[in-house]
Amino acid sequence: MSLTKAREYMEIALGLATAAAEDGEVPVGAIIVKDGVIIGRGANRPIGSHDPSAHAEILAMREAAAFLGNDRLVGCDLWVTLEPCAMCAGAIAHARIARIYFGADDPKGGAVVHGPRLYEQPTVHHRPEIYGGIAADESAILLRDFFATRR
Numbered sequence: 081m082s083l084t085k086a087r088e089y090m091e092i093a094l095g096l097a098t099a100a101a102e103d104g105e106v107p108v109g110a111i112i113v114k115d116g117v118i119i120g121r122g123a124n125r126p127i128g129s130h131d132p133s134a135h136a137e138i139l140a141m142r143e144a145a146a147f148l149g150n151d152r153l154v155g156c157d158l159w160v161t162l163e164p165c166a167m168c169a170g171a172i173a174h175a176r177i178a179r180i181y182f183g184a185d186d187p188k189g190g191a192v193v194h195g196p197r198l199y200e201q202p203t204v205h206h207r208p209e210i211y212g213g214i215a216a217d218e219s220a221i222l223l224r225d226f227f228a229t230r231r
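When we follow the numbering used here, the leftmost residue of the sequence shown carries the number 81, and every step to the right adds one.
Simulated from the structure, these hints should not be mistaken for laboratory data. Keep in mind the model is a prediction, meaning the values are calculated, not measured. Note that the Cβ used here is the ideal one computed from N, Cα and C, for glycine as well. Treat each hint with caution, since some may be false.
[Stated by the list, open to error] Simulated DEER-style distance windows between Cβ atoms:
no. : residue 1 : residue 2 : range
1   : Y211      : H174      : 28 to 36 Å
2   : R87       : T229      : 24 to 32 Å
3   : E200      : G155      : 17 to 25 Å
4   : A228      : V154      : 37 to 45 Å
5   : G116      : A146      : 15 to 23 Å
6   : N150      : G213      : 29 to 37 Å
7   : R231      : P187      : 17 to 25 Å
8   : T229      : R207      : 33 to 41 Å
9   : E88       : H130      : 17 to 25 Å
10  : T203      : E88       : 32 to 40 Å
11  : T203      : T229      : 38 to 46 Å
[To be verified] For lysine to any residue, the following SDA-like pairs were computed, each having C-alpha atoms within a straight-line distance of at most 25 Å:
no. : residue 1 : residue 2
12  : K188      : L148
13  : K188      : V106
14  : K114      : G155
15  : K114      : I210
16  : K188      : R231
17  : K188      : D103
18  : K114      : A146
19  : K114      : H130
20  : K188      : A145
21  : K188      : V154
22  : K114      : R142
23  : K188      : G155
24  : K188      : A101
25  : K114      : K188
26  : K188      : G104
27  : K114      : R231
28  : K188      : G149
29  : K85       : D131
30  : K188      : E200
31  : K85       : G104
32  : K188      : I119
33  : K114      : D103
34  : K85       : P202
35  : K114      : V193
36  : K188      : A171
37  : K85       : E200
38  : K188      : A146
39  : K114      : D225
40  : K85       : R231
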């Protein structure tokens with residue numbers, strides 16, 4: 081994948097994260113890409129939707145699954161501004177996402193390279209390829225600025 085295309089995908093996810101922040105949600109955005117086409121988009125919505133599972137990754141996967149007419153997202157890539165949590169990492173494994181590209185690390189709530197490191201567990205049935213640190217600074221600044229206004 082070209083650096084230009086990677087940047088383009090993460091810019092779209094960052095735009096979704098910014099929209100989430102404007103709605104008072106934690107600024108996380110995600111897209112699902114298959115064969116170079118965006119088939120799912122999500123921005124955090126747990127507060128506004130009164131749904132604790134309405135994380136950006138879950139919403140993007142729901143849209144992609146509806147688009148494909150299949151619960152398996154084989155051959156799809158997830159682009160997300162923050163390292164996925166345990167709930168999202170589990171759903172990603174169930175969906176059979178091929179690759180995860182994420183922005184900022186989440187030492188407190190992440191479950192991919194931090195915390196339980198879900199994909200390193202012997203019982204996990206699918207292990208996507210993981211690429212972190214893409215637009216990490218931009219993602220971290222969005223989060224830091226959002227929480228600074230809350231304190």
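Quiz item: Could one say that the CB atoms of G116 and A146 fall in the range 15 to 23 Å?
Solution: About 19 Å separates the Cβ atoms of G116 and A146, which means 15 to 23 Å holds.
Quiz item: Cβ-Cβ distance between T229 and R207: within 33 to 41 Å?
Solution: 37 Å, holds
Quiz item: Between K114 and K188, is the straight-line Cα distance small enough, at 25 Å or below?
Solution: 30 Å, violated
Self-check item: Given hint V193 paired with K114 - CA-CA distance at most 25 Å
Solution: 24 Å, holds
Quiz item: Are the Cα positions of K114 and R142 separated by 25 Å at most?
Solution: Holds, at roughly 14 Å.
Quiz item: Lying within 29 to 37 Å: is that true of the beta-carbon distance N150 to G213?
Solution: Since the Cβ atoms of N150 and G213 sit about 30 Å apart, the hinted range of 29 to 37 Å holds.
Quiz item: Given the hinted pair K188 and D103, is their alpha-carbon gap at most 25 Å?
Solution: This hinted pair holds, its Cα atoms lying about 23 Å apart.
Quiz item: Straight-line Cα separation of K188 and G155 no greater than 25 Å?
Solution: 29 Å, violated
Quiz item: Does A146 lie within 25 Å of K114 when you go C-alpha to C-alpha?
Solution: With a Cα-Cα distance of about 13 Å, the restraint between K114 and A146 holds, given a limit of 25 Å.
Practice problem: With a cut-off of 25 Å on the C-alpha distance, tell me whether K188 and G149 pass. | Solution: 35 Å, violated
Self-check item: Cβ distance range 32 to 40 Å for T203 and E88, holds or violated
Solution: Distance hint for T203, E88 holds at roughly 36 Å.
Quiz item: Does the alpha-carbon distance linking K85 and D131 stay inside the 25 Å limit?
Solution: At roughly 32 Å apart (the allowed maximum being 25 Å), D131 and K85 break the hint.
In terms of the numbered hints stated before, the structure departs from hints 1, 9, 12, 19, 20, 21, 23, 25, 27, 28, 29, 31, 32, 33, 34, 37, 38, 39, 40, listed from lowest to highest.
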